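With chain A's structure known, arrange chain B on it following the hints.
Number of protein chains: 2
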Amino acid sequence: MQPSEWSALVAHLTEIETLDGVMGVLGWDEQTYMPKKAAELRGAQLALLSRLHHERTTDARIGRWIELLEGDRATASDPIRSACLRNLGRTYRREKRVPAELVDKLARARSEGFQAWIEAKKNADFARFAPVLQTLLDLSRRRAETIDEKRHPYEVLLEQYDPGTSVESLRSMFARLREGLVPLIEAISAQPQQPELGGGWDETKQWALSREVAAALGYDFDGGRLDPSEHPFSTGQGPGDVRITAHLDANDLLSGLGGTIHETGHALYEQGLPVAHTGTTVREAASYGLHESQSRFWENYVGRSKPFATWLAGVVKKHFPEKAQSPDAIYRASNRVERGLIRVQADEVTYNLHVVIRFEIELALFEGTLAVKDLPSAWNTKYREYLGITPPDDARGVLQDVHWSGAAFGYFPSYTLGNLYAASFGAAMQQAIPDLWARVERGDFAPILAWLREKVHAQGHVLEAPEIVRAAVGDRDHVEDLLAYLWGRQGAIYGVKRT
Amino acid sequence: MQPSEWSALVAHLTEIETLDGVMGVLGWDEQTYMPKKAAELRGAQLALLSRLHHERTTDARIGRWIELLEGDRATASDPIRSACLRNLGRTYRREKRVPAELVDKLARARSEGFQAWIEAKKNADFARFAPVLQTLLDLSRRRAETIDEKRHPYEVLLEQYDPGTSVESLRSMFARLREGLVPLIEAISAQPQQPELGGGWDETKQWALSREVAAALGYDFDGGRLDPSEHPFSTGQGPGDVRITAHLDANDLLSGLGGTIHETGHALYEQGLPVAHTGTTVREAASYGLHESQSRFWENYVGRSKPFATWLAGVVKKHFPEKAQSPDAIYRASNRVERGLIRVQADEVTYNLHVVIRFEIELALFEGTLAVKDLPSAWNTKYREYLGITPPDDARGVLQDVHWSGAAFGYFPSYTLGNLYAASFGAAMQQAIPDLWARVERGDFAPILAWLREKVHAQGHVLEAPEIVRAAVGDRDHVEDLLAYLWGRQGAIYGVKRT
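Those sequence lines, one after another, are chains A and B. Once you know that position 95 of the first sequence is 95 in the numbering used here, the rest is easy, because the numbers rise by one and skip nothing. Once you know that position 131 of the second sequence is 131 in the numbering used here, the rest is easy, because the numbers rise by one and skip nothing.
These are calculated hints, taken from the structure and not from any lab test. Since this is a predicted model, take the numbers as computed values, not measurements. Heads up, a few of these hints could be off.
Identical copies look the same in the list; a pair holds intra-copy or inter-copy alike.
No farther apart than 25 Å at their CA atoms in a straight line, the calculated lysine to any residue pairs in the SDA-like style are these [claimed, not checked]: (1) K36 <-> E15; (2) K37 <-> D220; (3) K96 <-> L449; (4) K318 <-> R384; (5) K36 <-> T310; (6) K37 <-> E15; (7) K37 <-> H457; (8) K122 <-> G368; (9) K205 <-> T32; (10) K36 <-> P232; (11) K205 <-> H319; (12) K373 <-> V275; (13) K455 <-> Y415; (14) K373 <-> E119; (15) K36 <-> A446; (16) K36 <-> V496; (17) K37 <-> L49; (18) K122 <-> V344; (19) K318 <-> E196.
With the rest of the complex left out, here is chain A:
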């Protein structure tokens, strides 16, 4: 490959990344400050940009560039070019194989699916959603088979979110996780519940507190912002522009703060991506699971720890002198475990079972051992079996998540993959930084961020996520790390012991 051809490729990919960033700003604005009457205009703006983006990602020159990279002896010895060949080749190959007719049908089924899901959820009426879900499933299976008929169709879909992860590794990890979590949750449920902190938290002061916490963790406000939105999110438009939002609640200090710490974790990853590799596909997160590991690590491993509670008690006292809390009260309230029906409201212990249930169901659907019509009963059976509770209706059961209405099959595992990776990061970090918790107790998070920057953030997408994790923590057993961590923390709080 001639230097001029590599430059042309990088310029082309940079243009795509720039369009991504523009759409990021518009998306951020839409959820934070956009006037409500601008919705239609914003739709037209995003549609135009998406079309320009699509034209570029399907540009015929990309096929030629991939061929040149493949035929180039220098590529093999250059990790950036090899990664570019792998990442770009994957996306391009996938897109190219799917016929336009199928892309069209899926797009239509998605928008139909979203409408049907909204209605079905409102009326707790699964029958309203079933036929369009069937269509979404059929089209998704066809799509997976078109992309690669030799691989497990679920793995082909999973690859969009967590490339490098196999169905078999997930199946075995998730089964072991389920086996380990069910008794933990049973043991906790037999104990008295931990107390909450109570309400009356002025929101203006909460914003100041949230900003102080995010900054203390290492979030760079010169290259970011924290704003209110209905649902918290983080968005990275590129170097120097990574934003987070929060949704604070006057009745619950810890829920808003937990969300902020979660998004800060995502944002720290984005702020640490390797700027030098813009336009090579390498300045991007290696996978959704790895991205989630960063938010979960800060939110749970650090943010629900006792030393963190100790530091936080001082910060709370500073912003709410009249409402000072003991570290122990914060620690206990942060770690309430409760069997609940709704995934997005779940604590860090039960959360993984919500995901395991969805994974098992998705897999059964794609393997043909579960029919769409039997979904609600399969769902309810698993909730009863794993969590000991039964949804009173499908709105609080099988219809609760938006994902399937958009054909995002294979997305759920990323959430728990993130928790698994985070647990191993925690275990490895504790060995590498002996005074880790003493530092956290003083509000000194610099060594944690430095470790994550080096081992994860700066790696970008040169290696695949599982390789990055292996290089960072060695051959650790993520399931065992997560179980040991959860039993350890909950044992201290609820007085339960692993048997």
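Just chain B now, with coordinates in the frame of chain A:
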């Protein structure tokens, strides 16, 4: 022209308008909420969008569409298509005639000019700016001659901002205006100065007050926003998204509020443009002067009137109960007239002389009767002659404005054109709405907005600005209207009489 061709043209122009809107959002974000480290990324985003925009405005199909419109008998009888042919034809013809080499040279000279101007202004060193100003002038004259060698070069440049306005009409209006304003300012200066309101205005309360005032004038917050920025501006991204910003000052309630009312005036125009004509070049302001007439009308004609002061006194009392002001105090403080050196700080009486001076100087430069090297002395002479003051240095004199550094010759007249149009709108409206001032005193601005909506906003760019004004007010003498209005108001305040 086939219906399909007209549709293709409208789709193409809609795409250009959509890109304008996206750039508008990015520009708004840049001045309000963008993290400071995002500056370089934002530059790259805007550069890409500008290129996409340029590709579309210079698309070869436009020439063909113009030919089709010209050859179409239906165009003459269809006001929208005629306007589209005129507006599009003008832009396209102008752009097409200027050789790429000249576009390039001007772009380079502009960025060099901006840097040189920044330095020159900082050091009050005109010599630093002179050579690059000479280049900007030479290139601009060449550009004007390339576009149309038969017309006055200044008029060719003016056409970018105020199409339909001739140099001769400006020359005569501005000369009469100067002759009428100089004695008014002299008369006022001989009188004791009006008192100010004093400081100590809490900014949070000022924001609430500003929002209430903007909403009362008719600004639709469901399709807009009001946010802080260093310099106030308004920006319309398209239907449903028109935003304004303000810069408030704890020491001066009226300066921040005046700016807000000014931007509200611009925004009301944008919110009233004819949505149905998207993609035809007709859903746009007819000229910069007409745009400015809307901001100036609300800021000055309405916002500095005695009835408005009466209403505002109640609003001030509501937000600042401890700082209640009499209507008379507000009225007097709103109408302080002072000979000052700086255009952007000038009151509504002296402001026009600042513009007249710039117009006369620009004209002399383009007509070759003034050389760049003689600019500072020509400037200072005019300030002494018209305003009775002499700049102590060029930073507060000839170097104060950014416009020339970007080759924006012909821009200044729009400001005063806006004041001239606004004066005639006021005179005509007072005849059409007999209880105008009684309504204003009650905070009822609906009849004013309805009049402007019908006569100006909803007209879009079907007719040229001077035609829109004529249709709205008849054959009024704008200069006489402005002088009569200023003498009338200042006469009541300073006790001066027109001789």
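Practice prompt. Using 25 Å as the alpha carbon limit, work out where K36 and V496 are close: within a copy, between copies, both or neither.
Written response: neither (50 Å within a copy, 49 Å between copies)
Practice prompt. Check K205 against H319 for me: Cα-Cα at most 25 Å, and say if that holds within a copy, between copies, both or neither.
Written response: both (6 Å within a copy, 23 Å between copies)
Practice prompt. First find the shortest C-alpha distance between K37 and E15 inside one copy, then the shortest across copies, and answer within, between, both or neither for a cut-off of 25 Å.
Written response: So K37 and E15 pass the 25 Å test across copies only (20 Å; inside, 30 Å).
Discussion item. When Cα atoms must be at most 25 Å apart, do K36 and E15 count as within-copy, between-copy, both, or neither?
Written reply: between (30 Å within a copy, 22 Å between copies)
Worksheet item: Is it within a copy, between copies, both, or neither that the alpha carbon of K373 lies no farther than 25 Å from that of V275?
Response: neither (48 Å within a copy, 47 Å between copies)
Item to complete: If the cutoff is 25 Å on CA atoms, where do K122 and V344 land: within, between, both or neither? Let me know, please.
Response: For K122 and V344, the Cα distance is within 25 Å only inside one copy (17 Å; across copies 56 Å).
Discussion item. For K96 and L449, with the copy left unspecified, which applies at a CA distance of at most 25 Å: within, between, both, or neither?
Written reply: Intra 39 Å, inter 55 Å, cutoff 25 Å: neither.
Worksheet item: What label fits K36 with A446 when the C-alpha limit is 25 Å: within, between, both, or neither?
Response: between (41 Å within a copy, 23 Å between copies)
Discussion item. As a check of your reading, is K37 near H457 (CA-CA no more than 25 Å) within one copy, between copies, both or neither?
Written reply: between (39 Å within a copy, 19 Å between copies)
Item to complete: Up to 25 Å between alpha-carbons, please classify K37 paired with L49: within, between, both or neither.
Response: Both ways: K37 and L49 sit 20 Å apart in one copy and 24 Å across, limit 25 Å.
Worksheet item: Given a CA cutoff of 25 Å, do K36 and P232 count as a within-copy pair, a between-copy pair, both, or neither?
Response: Answer is both: 19 Å inside a copy and 22 Å across each meet the 25 Å cutoff.
Worksheet item: Is it within a copy, between copies, both, or neither that the alpha carbon of K373 lies no farther than 25 Å from that of E119?
Response: within (18 Å within a copy, 74 Å between copies)
Taken one by one, the earlier hints fail for this structure at numbers 3, 4, 5, 8, 12 and 16, listed in ascending order.
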